[in-house]
Amino acid sequence: MFYYKRLNSDLSFIQKIKEIDYVLLICIILLSLISLMVMYSTDGGDILFHTKNHFMKLTVLFPLMMVIAFFNIKHWHTFAYLLYFLIILLLVWVSFFGLKASGSQRWMNLYFFVLQPSELMKIAIILTLAKYYHRVKIENVNSLGSITLVLAIILLPVILVISQPDLGTSVLIALSGLIILWIAGIKIKYFVYSFIFGIISLPFIISFLKPYQKLRILTFLDPDRDPLGAGYQIIQSKIAIGSGGFNGKGFLKGTQSYLDFLPEKHTDFIFTLFSEEFGFIGSVGLLILYTIIIIRIIRIGALSRSNFSKLFCFGFAFSIFIYIVVNLSMVLGLLPIVGSPLPIISYGGSSLLTTMIGFGIVFSAKINHRQLIAG
Amino acid sequence: MIKENLGIRKSDVFNRRMFIIGMVKVVILAGIVSRLFSLQINENKKYLTLSDKNRIREWKLPPTRGNIVDYFGNIIAGNLKVYQLHIIPEQVENFNYLLVRLKTLLDLSDKKIQKITELKNKLKPWDSIIVSENLTWSQFLKVNNYLYDLVGVKPVMTISRNYPFNDVYTHVLGYVSQPNQEEIIENKTVQERFVPGMKIGKLGLEKKFENHLIGTNSIQRYEVNAYGKRINQLEFQKGSQGNKIRLTLDTEVQKLSAKLLLNKAGSISVMDIYTGDIIAMYSSPSYDPNLFLFGISQDEWELIRNNPLKPLIHKTISGLYSPGSTIKPIVALSALENKIINPNFKVKCTGKTELYGQTFHCWKEKGHGFVSLKNAMKQSCDTYFYEIARLLGVDRLNITAKKFGLGEKVLGQYFDNEKQGLFPNTSWKKNNLGRGWVLGETLITGIGQGYTQTTPLQLCLMTAQIANGGYKIKPKILVNNKPLSLEQAKNSMKFDSLHSSNLKLFDDPKNIKIVQEAMFSSTNEIYGTSYKSRIDDPKYQFAGKTGTSQVKRISKRERELDLKLEQIPYKDRDHALYVAYGPYINPRYALSIIVEHGGSGSKTAAPMAKELFKLIIDRDDLRKKQSNFEDINI
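These protein sequences, in sequence, are chains A and B. Here the first sequence is numbered in my numbering, starting from 1 and rising by one per residue. Here the second sequence is numbered in my numbering, starting from 1001 and rising by one per residue.
Here chain B stands alone, though its shape is the one from the complex (with noise of 0.2 Å):
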């Protein structure tokens, strides 16, 4: 009995023991239940967006650049499709035999190999590798052929950039491609839409325009697993090509300006006189953007850049050139403007003139007698030059020529290499050099030597300035208006002048006639530079001024010799310049050429206009004509 009592209390002890564990039970339950639910269902959103975080990843695709195309809507930096191989190494069966294949069908080298096989060990298997970014049409057909024995590989389609024109517009579009870490950070944009194979615009236009160009990512949503492989695809978002971009220029005149410059170096640009379309510029020797696409070869590369006319400078807006003669309608308008001389003022020329016991020559040794200031600019007299240089003086010289444009950049905003030139006065030697102005660097300046610096442009768009009546235009290169017959431009611009009165640059037009007229002689009347050039048809016919920049002072000997082009050492030969307008009648186009150690501007550069007036004249239509205008806002 004593047992079974004893018995009793224990199991009591037990019950009443269970009971306060069962308690505890409870309460600990109700703990991890309302934990259930904070998670759960408090929290639900949270943790779903998180589990779609993980479970959801994008894959962008490299953006499709937009169009850039001419005047006439010819893609000037398109679009192509590239084949491309990638090797998917999970699916590979045996790696080194695959290599040794592709090897041989590939022509592949053996550092490609060696990179091929570091890519396999660094990135997870299912990641792509790819293998050409850029296969021929053959290479292609070959893989395709042996596609049964090279298990893993695949062949790829995608869009890479492509400039049909090759080296004609290399310096206005530059090129596009991989951006390097730095060129990344600074553009929120390439940040943002950054894919490895993405090209972006590196020099030029491509550059400038970049984010215009870009175009967005199409984006794939794939459904992957906790080791990042896809499972399935959820979404193809296509993302839109990048904007497009329509130039003023013409690839015609382009092409040909390249062909006048073939093997020289130098630069071509045209200009439309009223409304500052530029209609080519084109520097010689240029090189194939195309080249960058994928990665230039060292030895392509250095090509490139040893070439000894040095084909990476933009010349056209960053050569920097002495104007020569091609600057005296300039001095010839500032003296007149300045009441210094009128039209029949004349100079004897004797052949030099003597100044402070510095003697100063003509390019006519014998001199050109007494001439008046048509007959200067038609034979491009130093002496009558040097002769109302020294009257009007530098400073006011310099007044005119900062009005056409000298000394300043001519677009400004669309080219970081883009140079402003310089063109002196007594100032600016003071504050630059510190020193005093001298007499005899007047006269110097005054036939476009000396100090003066010019970029091509700035002389091209001097002539226009000079044939359209001496307004001041605004040049572009890209189209922001619909097509302007001759009136309409020419009064369009004087509608501007009347707005803003520093747009005019003249106080007489007489004054801007008579430059015209002189530089109409220059190439339409026996003795005149570029007569040889002329050409007769009053279609076609045009005015201009030649050029021969000294690129080193001629010494006494050098002037005895009177050596000929061929007998002097390329780097000391003159520049050949010619900067013109047409048609005379009726202007609407102005040009100017440069070519570089190219000899004398009317032997050399004159030439080069002629056949360049007749085509930009016969598309003259076809271009007033275009009526493809869209409005693209940039």
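Okay, chain A solo, but in the shape it has when bound (with noise of 0.2 Å):
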């Protein structure tokens, strides 16, 4: 209690401006406005329903992630599993009653705004997990009970999001869930493990997946199998990148988008025309500026005290990292075409939702990293 309260002192509204990560923000300011800018070029060069939209939802969740930001990382401690069982709840109400689109069930109709639990999920995993090892003593990390708890919070998300059907955000809960594992301090072996037994059953799992994802594994393997069809996606992507060349081809000069030869061009695929307007030069600029938000949120990681707001630091950083490994390997065809949205960029009100949370998170654990939270 004496810790508690000493070391909890609050800061006062100017201690917690100067507090604030400039550097991160910056880099998140930047991304927001190339995120309308080529928001502008899906459009065809004009303001129309995407520019407008992605607009009003910066407008909107900016002020949020500030909010959440001067919001003592505390209360987001004392609240994990309750929004954890809350977004439980969500996934099961929209296995039910959720809005159907091109054949999964995985939105709901707020009226104002269509959110779609499982992307929530991405952070709440995180701070679940993360709650879970800031309580657990050190000794009993590696128990059979502990991990079987564990692998169970994971788990029960995972197969909600699987059967909705959406392989690609189940696939990221679930690594951001067992990269928290790896931190927390599960013995390697274990993961070797899990790894070698995943590969011997992958013939077992490929067999239960859906043949539209079998198709997409396929197509992954030979693009070229069926060009116009399956393939169509990647291969027309690769084009895109690809003609880009060093320069790129200019803004709002992208013939591959302009034309509608690029699908999903203003979400998962939002890369390709970034990367046919700006070419080498603006796409590594982009990987650099993410990189530089991920050192950052890991440099705020490793200042915090908290081991809460460690874990979830790291983890949020890592899953960020996933985020945009999966997004550009599938854009550039290094892995199979999984539904994977770029943070910030992608249009798509819950994921840029869940990725702003996060940063208030983040924010908020470097203006309080020098308290320590009880557990």
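No wet-lab data here; the hints were simulated from the structure. Ideal placement from N, C-alpha and C gives every residue a C-beta, glycine not left out. Be aware that a few hints might be false.
Unchecked claim - Here chain B is said to cover these stretches of chain A; the calculated rule only asks that three of the stretch's residues, wherever they fall, bring their Cβ under 8 Å from a Cβ of chain B:
(1) 50-61
(2) 314-324
Claimed, not checked - A partial selection of chain B residues facing chain A, derived with a Cβ cut-off under 8 Å:
(3) Gln1040
(4) Glu1043
(5) Ala1226
(6) Ile1231
(7) Leu1234
(8) Ile1313
What the hints assert, rightly or not - If you want the footprint, here are the derived chain A segments under chain B, 3+ residues with CB under 8 Å:
(9) 96-104
(10) 166-173
(11) 178-192
(12) 280-286
Join the two chains into one complex using the hints; note that each chain is given alone, in its own frame.
Here's what the structure looks like:
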């Protein structure tokens, strides 16, 4: 109690403002601007639906991020489990009453906003596991009970999301969870064993995949087997990126996107458009921007005194990294196509909401990095 | 304190683990950057090409065919601007209303309307539907008047083949029409340049010189979107018109031929006896090739196909006829050359000859009495030729006939449907009919009946080669030399024959002269079979030989009845033939005329020659002066 009181002495508003990580903030603002620019390009060089909508979402969610930043991180610690169960409930609700679109049922219509609860789970899983490992004793981390419990925590939402079906998001949730396990110190041999087990059971898993998912994997292995059908997206995506060259075709001059050769150019394939118009230089620039963001988040994690903040920041940084890697690998033809947005830049409210909440918590962790959380 | 220690230990684990992850991240990021590098920098060219392939689409337009002109440069197969009506479905507000309006405006059939609706459902909304390929001027005006009411309709001007002289040249030129699948596959050039709406030669020279006439496509390059919609035009590359072809034919002579053979079945051919230039080749009846350009209607096609006069047959080169008495100059020449007879050789004609119990009749029942070669030719005495044919034998006759081009294709390379005809000999009969030659057959071969089958053009060539003094010439319909004066033409022919011994067709020039004189007397001396058709003016004076070829054996009863032409059923009437050359002094042109079932050569065919020679010789000067010679390589 003593530490708690002393270390939790509230900072004044001015002090809080001083504690903000401005490098991170500037990077986020830059990304938001790039995002708007690309959106403007997908609309064919006009301020149309996507640009307007994305702008509105940013103007709502950016202040939300700042509000969360000034909100003490200990409250996230307090409500982490509750949040987890709430989102589990939403996922269950969605699986019964959710909106259907293109063969999957994963959205809730809130009338002003269409929410995808599985996106929120990406954050909730990190919070929950961060809280769990904040509390658990280091000796118990590798106990059978503990491991069973955390695996259950991860598997429950993953199964719900897979059944929507939404392979991409469920993989991201699983990875976000597993990385916390890794950071928390679960023995490396367990990871190695389960990796080997995963490889062995791969054929078994494949037999459980839906036909369209199998098709995606086949298409990934050989996009030219059906260039106008299943392989179309990836072929066109590679053409767009490849034709961008070193300097790119120039802003608003990406013929692949302008002439509608790129499918889903607003969402999962937004990087292709960016890369076509801004080339290798632009793409590497964007990656550097993301890298700075990730490094800043890791730095905040390293600064943080509380294990909760630390675990959250590490976990979130890694999640952002995974989102980017999965998205880029997909559009570059290095991974099969799984639905996964590019953080902040892709059009899509839930993904943006999740990312902004995450950043908010990271800012809060920075502001309160000296604080310890009891647990 | 314990708690804090544990906390420190814990965070050490976290940091260490995070560091390992960090390393992995760097490796993965490096992987992604290198992939970007390989796509955007190493393979940039490849993907740039692919992207252009995606976005740029070429539209080929139908090429413009080259003109075909007559000897004087008049276009006989040209190109005409035509007005078409297109509908662009995506611009149409109310499709059904539009169709109703167009139906009343243009008098479209229900079938056509149905077709348009089908097309509309099949094509992309921005692809135009051709409503009418060839609007008349009044229809075009009407449509333009109501254009405000016809949203989505576009009048378009394009170019289409046109044959200004309608049916005058049909058998020579053929016609163009939309190709079918096999025709596209067959011809590489057509395959390359094919676009919907393009027409190719289906027959005649249009087909033969397809690759020469076809022209190259104009190309429009458009930027298109992923659905194939044209966004904007990037480039227009104008194609070039196909090459020109100039023919040796003379439209005026061709037109006169058409006039003379109006409502008759037959053929007229006219040839330059030195250069082999074909001045006219007309096959009657003909049909209008313009009918085929936009698809001939079933009714019109049936009309052409079922015409008993058989307009679809190119009679000049594919019609096979017994030459009748027109063969007699060759028989006479052969007999002279083989020294069977001399010009004074006489035969007594009693109107019939008996041979092995068979009777061979002369056309003149009472007989000609004693006739010499000249008189026999003049009056076309059959008995005389029975006798010299008997003395000569068919094999020797065959050699002379072959030399003069009978039984061989005349043009060969130009027309696929040219027939080679037949001139029999004993071994031919043995090989093909399996029976030995009978002497009686020699007799009827001597008067151009029996197995002999000739095309009108062969007879024309035969006459020309007699007229030019007995030199082989190569008939042609494409101009390949400058106009030659009579002397030049004669010299050039003789020059050629010096270099190639087989071009000289005679042993003794006197023999040719004798035959020529005999032909002259046939036309210009009293009792000559074509005496009535003679022209006394030496400028136009010509020499010829009539022929009347039987299409069936004349029975004894018919011979006794001596029916008038009108009393005989059309199918049984004799073919009328005439071959001639002129002017008699310094000849230049030879012709052959065949009128199917036209009765006798002297009554039906020879008078046509009179009109033809007047025109041909009048135009001789023009022809010689024709100076717009262009080198055309084919």
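To see whether the hints hold, each was checked on the structure:
no.	hint	result
1	50-61	violated (count 0)
2	314-324	holds (count 3)
3	Gln1040	holds (4 Å)
4	Glu1043	holds (5 Å)
5	Ala1226	holds (4 Å)
6	Ile1231	holds (7 Å)
7	Leu1234	violated (11 Å)
8	Ile1313	violated (51 Å)
9	96-104	violated (count 0)
10	166-173	violated (count 0)
11	178-192	holds (count 5)
12	280-286	holds (count 3)
Hints 1, 7, 8, 9 and 10 from the earlier list are contradicted by this structure; the remaining hints agree with it.
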